[in-house]
Amino acid sequence: SLSTNTISKGLKEALNNGVAYAVKELGKDNGYLNNSLVKIPLPENLAKAETLIRKAGGDKIADDLINAMNRAATTAAPKTAQIFSKAIADMNLEDAKKILAGDDKAATNYFKTHTSDSLSKTITPIVQTSMEENSVAKYYKIFNNAYKTYGKGLVDNSGVIGYAKSLGVDSYLPSSSDEELDGYVTNKAIDGLFTMIAQKETEIREDPIAQTSSILKQVFGN
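At the far end of the sequence shown sits residue 222, using my numbering, and the numbering has no gaps.
One should not assume that every hint holds.
Claimed, not checked - Heads up, simulated DSBU-like pairs for lysine-lysine below, C-alpha to C-alpha not over 30 Å straight-line:
1) 28 - 39
2) 188 - 86
3) 121 - 39
4) 188 - 105
5) 112 - 79
6) 28 - 200
7) 105 - 121
Unchecked claim - Label-pair ranges, simulated between beta-carbon atoms:
8) 60 - 212: 36 to 46 Å
9) 54 - 209: 36 to 46 Å
10) 47 - 133: 20 to 30 Å
11) 5 - 47: 41 to 51 Å
12) 109 - 59: 31 to 41 Å
13) 3 - 207: 19 to 29 Å
Hint data in this document are derived by calculation from the structure and do not stem from the laboratory. Given the structure is predicted, the values throughout are model-derived calculations rather than measurements. Just so you know, even glycine gets a beta-carbon here, dropped at the ideal spot from N, CA and C.
Kindly produce the complete structure, drawing on both the sequences and the hints.
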């Protein structure tokens, strides 16, 4: 029974609120690191080595790398607001109706379709620069060296790498490609933004307290 203009305006306000929330939360100090929903862990190949390094007393080595990756994502977060704002402004009425009638991740899925490429192009160079400033390459090298050193002491004389190859799982060992790590952090940074936007979208849909304006109450109150 709502007018098309009201539907569109209300949804766009909700989505702008979600974007503002995501950018603010993730752009503050340790926004990713201190948020269990979006904290960036070591990639799978490094995670296989993390337990080994920590058991050998290398907690600081692993923590330094994790902290540096998450700081890079936090640095990039505030730069994404314009991309989301443009996607919202370009949304047509049919898009708005589909999102309003969809599930609580409908808007997030819309953003994934319309912003992923732009987000990646924007975030990647920021992540690369931030990772250089945060000495990620240094921590990455230390992590790898520690893995090789500690591994040789914890496995037989062939070393952990040779042992892993004999089991056919050497593909899970740390890689020397910084480019792969940049891409991993970029993708996780984007995933974190989508996660936080979806969280706010769900809140606005379900919680009257989150419907902070008359138009949000009109569109989502029922």
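Hint check:
1. 28 - 39: Judged against 30 Å, a Cα distance of about 13 Å means the pair holds.
2. 188 - 86: holds (22 Å)
3. 121 - 39: holds (21 Å)
4. 188 - 105: Status holds; Cα separation ~18 Å.
5. 112 - 79: OK: residue 112 and residue 79 at ~17 Å, within 30 Å.
6. 28 - 200: Since the Cα atoms of residue 28 and residue 200 sit roughly 17 Å apart, the hinted pair holds (cutoff 30 Å).
7. 105 - 121: holds (24 Å)
8. 60 - 212: 36 to 46 Å: holds (43 Å)
9. 54 - 209: 36 to 46 Å: holds (42 Å)
10. 47 - 133: 20 to 30 Å: At roughly 24 Å between Cβ atoms, residue 133 and residue 47 fall inside 20 to 30 Å, so the hint holds.
11. 5 - 47: 41 to 51 Å: holds (49 Å)
12. 109 - 59: 31 to 41 Å: holds (38 Å)
13. 3 - 207: 19 to 29 Å: Holds: the Cβ-Cβ distance is about 24 Å, inside 19 to 29 Å.
Violated hints for the displayed structure: none, as all numbered hints are satisfied.
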